Structures are given as C-alpha cells and as structure tokens.
Amino acid sequence: MIMTKLLSDTPRSAILIGLCFSVLLILPWLHLMPETSPFYLSAYWITLIGKIMALAMVALALDLVWGYAGILSLGHGLYFALGGYAFGMYLTRETAGDALPDFMRFLSWTEMPWYWAGTQNFWWAMALVVLVPGLIAFIFGFFAFRSKIKGVYFSIITQAMTYAAALLFFRNETGFGGNNGFTGFTTLLGYDITAASTRSMLCFITALALLLSYVGLRYLMNQPYGRVLGAIRDSENRLQYLGYRTLWYKLSAWVLSAVIAGIAGALYVPQVGIINPSEMNPVNSIEMAVWVATGGRGKLIGAILGTGVVNSVKTYFTVAYPEFWLLILGGLFVVVTLFLPNGIMGLFDRFKKEKQ
Amino acid sequence: MFNKKPASAKHPTKTLPESGALNTAAIDEYGSNNGGDGLSHPKKPGVDFSHGIALYLEEINVWFESFQALNNLSLYIEEGELRCIIGPNGAGKTTLMDVITGKTRPTDGSVFFGQTYNLASMFTEEIAEAGIGRKFQKPTVFENFTVMDNLLLAAPKDKRVVKSLFHQLDADTRNTLDGTLQQIRLTEQINKPAGLLSHGQKQWLEIGMLLMQSPKLILLDEPVAGMTDAETEHTAELCLRLKKNHTLVVVEHDMTFIDAISDKVTVLAQGAILAEGTLAEVQANEAVIESYLGR
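Protein chains in written order, with this note's numbering: chain A, 1 to 356; chain B, 1001 to 1295.
Take these hints with a grain of salt, some might be off.
Footprint (simulated), chain B over chain A, 3 or more residues, beta carbon under 8 Å [what the hints assert, rightly or not]:
1. 175–183
2. 237–243
3. 247–255
Below, simulated DSBU-like cross-link-like pairs (lysine-lysine); rule was C-alpha separation at most 30 Å, straight line [said to hold, decoys possible]:
4. A:Lys51 to A:Lys5
5. B:Lys1163 to B:Lys1264
6. B:Lys1216 to B:Lys1243
7. B:Lys1192 to B:Lys1157
8. B:Lys1264 to A:Lys5
9. B:Lys1244 to B:Lys1264
10. B:Lys1103 to A:Lys150
11. A:Lys5 to B:Lys1192
12. A:Lys150 to B:Lys1264
13. A:Lys353 to B:Lys1192
14. A:Lys352 to B:Lys1243
15. A:Lys51 to A:Lys355
16. B:Lys1216 to B:Lys1244
17. B:Lys1244 to A:Lys150
18. B:Lys1103 to A:Lys148
19. A:Lys150 to B:Lys1157
20. B:Lys1244 to A:Lys355
21. B:Lys1216 to B:Lys1163
22. A:Lys5 to B:Lys1157
23. B:Lys1157 to A:Lys148
24. B:Lys1264 to B:Lys1192
25. A:Lys148 to B:Lys1138
26. B:Lys1264 to A:Lys148
27. B:Lys1244 to B:Lys1103
If you're looking for bench data, these hints aren't it; they were derived computationally from the structure.
Here the structure is a predicted model, which means the values were calculated and not measured.
Glycine residues also receive a C-beta, built at the ideal position from the N, C-alpha and C atoms.
Using the sequences plus the hints, can you model the full thing?
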C-alpha cells in the first residue's frame, strides 16, 4: 500500500510505473550477459539508456520549478554542466595521476589553480557536485526572487546566465580545459571506466538515482510544501496575504532543482566520457523545457516520459536525417503547445475521462 | 459626536515619551527594523492590545502622483469592534485597506497594529503573519485547488518552509476544517475545485480561509457584492460570528447588510473621514447626504 503510494496516486498506475522502474534497474545488467545471448545489450545501448535516464533527472528537476512553482528556467543546462564539470575534475585527476592534467601542461602551467585542490578525492568531488550548483542557484535565486523578477524576464536571465557561463568555460584561462573540456577518462575509483561491469554499475546507479529523485520529489509534492508551490504558481500575491514568505519556498525549490540537475550531470559525464562547454549552450536548456512540456508539466512521471520520448526520437533522427532534427524539435514544440497543453500525460487524462 | 477619538487613542509611542522609549525598542525588534528585506523570522511576541486599540491610523496621507487618495485620515479601531466603512466610489476605502496590509505605503502618517507593529514598514507577508487577514473585493481563491486545499493553505500557524515538509493533517486542523466548512456551507463541495464554485460560494470560501487563518484583525472588502439576498443574510450571520473572536473592518455598499451587522459606521469621502456614528446617525448627517446625493 505504502509502496504504491510512493509511485502513483492509483494502484494500477503505481504497478505500471513500478514495473517500468524495475525494467530500468534490470536493463543495465544485461550488458554483462554473454554476447551470444538474445538478451545481451551492447555498450551503445547501455550508454544511451544511462544517458537518457540522467537527462530524465534534469527534466524532473525542471518540472519541480516549472510545473509546480511556475518558474520557467531556460538555463538548467548550467547546473547540469556544473555537476558534470565537478565530477569531470575528479575523473581528470584520476587519469592524470600525480601529474598535471594534460590540458594544463599544454598551456605550460606549472601548478594547478586553487579551485582544483582536493579534487583527486572522490568524496570531495561528490561534495562539489552538490555544493557548486546549489550555491550558484542559491545566490542567483536569492537576488532574482528578492527583486521579484518573474515570468519571461526570469527565463531570459537564466538563459543569459548559462550562455555567459559557456563563454567563460570556453576560455582556456578559466582552467577547465577550454573548448575541449575534459575527456579521455580512464578510471573511476580505480575501475576501468570502459569495462562492461563499470558501465553496468554506472547505468544502474543512474536508474537508482532517477527512482530516488522521482519518489523523493513525489513525496515532497504531496506534502503541504507542494501545495504551497502550486499556489505560488497560481497566485503568489494572494499567498503572501495569507502570511507565506514565498521567497523561501521558491528559493528552496530552485536550489533543490539545481542540485538534482548537478547530480544528473555527474552521472552523465562518466557514461558519455566527455564534458565540454557545449553542454551550457542555451539550446540544450531549451530542449530540456521541451522534454517537460512534451511529457506534461506538473506531472513528475510526465517529465521522465517526455525525456524518454523526445530523446528516442532525437537518437533516431540525428542518425537518419541529421539536418532535420532541429526542425523536428521546433515542430514538436509547436504541436505540443497548440494541441497538447498538458503534454502526453494530458492525453492520458483525456482518454481516462472519455472512458468514464 | 462625530470624528471623536476614543479616550485612550493616540499611539503611545507618540504621546508618552517615557514609555515611548520602551515601545520604540520593541518596534525595532519586531516591526520596523526587520532587516528591511522581509526575510527574517523574528520570535513573535503576539500582538499587544493592552491599550484596547487594535489599529491606529494617524494622519495618513496617500498620494498617487498628483491624486490624493487619503487626506490626513486618522482612524482608531478598538479591539473586538466591528467597524463598517462606507463612502462613495473613489472615497479611498480600498486604498485604506491597502495601507493596512502593506500593499500601499502611506506618503506620510503612521499605521500601528496594537502597540508594537509598525505596519508602514512591514511587508505584506509579515503583516499577515502578525495577525491581519484580508478578503478582497473580487473573490480571490486558488481556482485550480479544491475547497479543502484552499482552506488548508490558510490553516498553518507557522508558514515556514520547514514546517511544510513533514506536516500531516492533525486532529485539531481537521476539526477546524470541518467546523469552517459547515459555517461557510461548503461541506459537500469539499473536493470541488474552487474555480467551479458560484460567485457567492467563492466569497464564502474566502471568508472560510480567514476563519482558518484566524487573524486578530479581519478586513473585509465588499463581502456581499454580487450576492443574492439569501446569501447576503448568511454572510451577515458569518460576520456576526466572526465578531465574537475577532476585530473586524468591513467595507461595503449594501446598506441592509450594514444595518444587520454594524455598531459603528465611518463614512469616507474624498480620502477623509466625513462622519462617524451609528448607521442611523450617519444617514441623518447633512454632510453625508450631500456627498452621496449632491453630485
């Protein structure tokens, strides 16, 4: 009973969602089957599934602020990339061993910048994964929300933020590998990063993180906290007359969202094997909003579904018709906005109503 | 008779220099000097009505560019009083409510809630937290939320984020909720989205939210506008029930309604007080007749 409540409102959908998550938790291990087995999944598929699950976490994070609190971020790629960079620093150090990372030697630097201190330590790197996006989101959110910046103005600023960060990270002097970012990782905690077992484990951990984010956010949204966030979306002023200090509600949701995005980035990087400033490209962040809109805003499961659907389509089209992908993405956004204001989840709800 | 201040009026921070020092310290701590950003959470001492006055408005002027909405207005609301405010359109009634709830800052003058809260330097959230609730002219409920969720939003005493994370519906809140639903006659609509309620029901729901919030001072801006006679009658009953435990300020045009609930009526015109007294007294007042009918 409690188990089903954790996953969905109705037992039937809870069973369905539970089954889907079980599949996601099992899939990673199919990579360890003998290659002749019909169940074997190649490294390509494992990486693809792991990657999409990490992106689905970002979509969950975005749905928290957009779907519930009504704050549209067009810059969540920033927090995703910051988490990725923080973990990439650890992987780079592990690859370089006691020496300076390659890109620093190419710049003929003799010592590491101060902010690289301690990044050879896995746990410090993990702490950075949470702290850096969290702190930046806190500072930015505090001033933006305190100045009562709302709606499209807020979205534009988030967009500008991620673009500014991309420009900063492009510079070699910033100390994050410039244009190329970090790549060529070899080991993670001493394990070969390309080994089948490491890949399976990373993919499994990502599935677990996605499940935990989903269950955690679902719990939170069913508390009074979720109700207050929804009320902020509908009428923030009215809520203030009831005595709510909405700033702290918005800020806590914003920071939590950034942290989840950061963790997703950290899970993404070792699986795809590269992090560079293009992750901070504004287009990436806009795409994230498309995932959430496609799945259905304000429905956590919708965010995951939307990410899965759009990225599956993307994977197919970028191979089959690469030149049309952006057109298709734009077309999808137009179709969803015009005909599916509540996304795929809204479509389900409509079917359910018609049945009754 | 008219425009008479209660004997204990005048805010003591202004009139009594020796106790004034003490009070000013209290203001700095809880009212005016909250860091100024509306962020801090002072330990709440509860509002202090020791002088029997709930609300002090002294020599308030509000200018919007070259238009003067309130003109040197002084008004004292006693604790437990139900004060009706009437006046022609544009008299400044809603502006007065805005000044009390921090939506509009007075150009000059002082606004005190009890002895310690200086409303002129507090934010809307802080004023609500201090114990002033407001019902708006246009019903403003959360239309996508059910009746129950609307009421529960108003319920918690402590509205901080941490309290909203683990809070479950306790027996006390449940009882208040049931009682309130009965009073506002929405028990059967408990799970209906507020947006689907009739106009009158929305007004009641908003009053219900005030009942849940249970503020010390309640401001009602035209609570019976657009209601049928039967609905108006019920709303009057609600107001009289509210009066038992709360101080109320009601702005209304409907004279039958005012007649049913009022003790003391204040007439505003052109941003200033024209007359004060019982409804019969002000209705007989020459200046009042002039301002309502003269133009």
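We went through each hint and held it up to the structure:
1. 175–183: Our answer is that it is violated, as 0 residues pass the Cβ test (under 8 Å) against chain B, missing three.
2. 237–243: holds (count 7)
3. 247–255: Coverage by chain B holds here, the residue count being 4 at a Cβ distance below 8 Å.
4. A:Lys51 to A:Lys5: Answer holds: Lys51 of chain A to Lys5 of chain A is near 28 Å, not above 30 Å.
5. B:Lys1163 to B:Lys1264: Violated, at about 40 Å.
6. B:Lys1216 to B:Lys1243: Roughly 10 Å between the alpha carbons, so the hint for Lys1216 of chain B and Lys1243 of chain B holds.
7. B:Lys1192 to B:Lys1157: With Cα atoms ~25 Å apart, Lys1192 of chain B and Lys1157 of chain B stay inside 30 Å; holds.
8. B:Lys1264 to A:Lys5: Cα-Cα ~54 Å, so violated.
9. B:Lys1244 to B:Lys1264: holds, 16 Å
10. B:Lys1103 to A:Lys150: Distance ~18 Å between Lys1103 of chain B and Lys150 of chain A Cα, so the pair holds.
11. A:Lys5 to B:Lys1192: holds, 22 Å
12. A:Lys150 to B:Lys1264: violated, 43 Å
13. A:Lys353 to B:Lys1192: Between Lys353 of chain A and Lys1192 of chain B the Cα gap is close to 16 Å, so the pair holds against 30 Å.
14. A:Lys352 to B:Lys1243: violated, 47 Å
15. A:Lys51 to A:Lys355: violated, 36 Å
16. B:Lys1216 to B:Lys1244: With a Cα-Cα distance of about 11 Å, the restraint between Lys1216 of chain B and Lys1244 of chain B holds, given a limit of 30 Å.
17. B:Lys1244 to A:Lys150: At roughly 41 Å apart (the allowed maximum being 30 Å), Lys150 of chain A and Lys1244 of chain B break the hint.
18. B:Lys1103 to A:Lys148: holds, 14 Å
19. A:Lys150 to B:Lys1157: holds, 28 Å
20. B:Lys1244 to A:Lys355: The given pair, whose Cα atoms are some 50 Å apart, is violated under the 30 Å limit.
21. B:Lys1216 to B:Lys1163: holds, 22 Å
22. A:Lys5 to B:Lys1157: Distance of about 28 Å is within 30 Å: holds.
23. B:Lys1157 to A:Lys148: Measuring from Cα to Cα gives roughly 25 Å; hence the hint holds.
24. B:Lys1264 to B:Lys1192: Outside the cut-off at roughly 38 Å; violated.
25. A:Lys148 to B:Lys1138: holds, 24 Å
26. B:Lys1264 to A:Lys148: violated, 40 Å
27. B:Lys1244 to B:Lys1103: Roughly 28 Å separates the two Cα atoms, so the pair holds.
Comparing the model with each earlier hint shows violations of hints 1, 5, 8, 12, 14, 15, 17, 20, 24 and 26; every other hint is respected.
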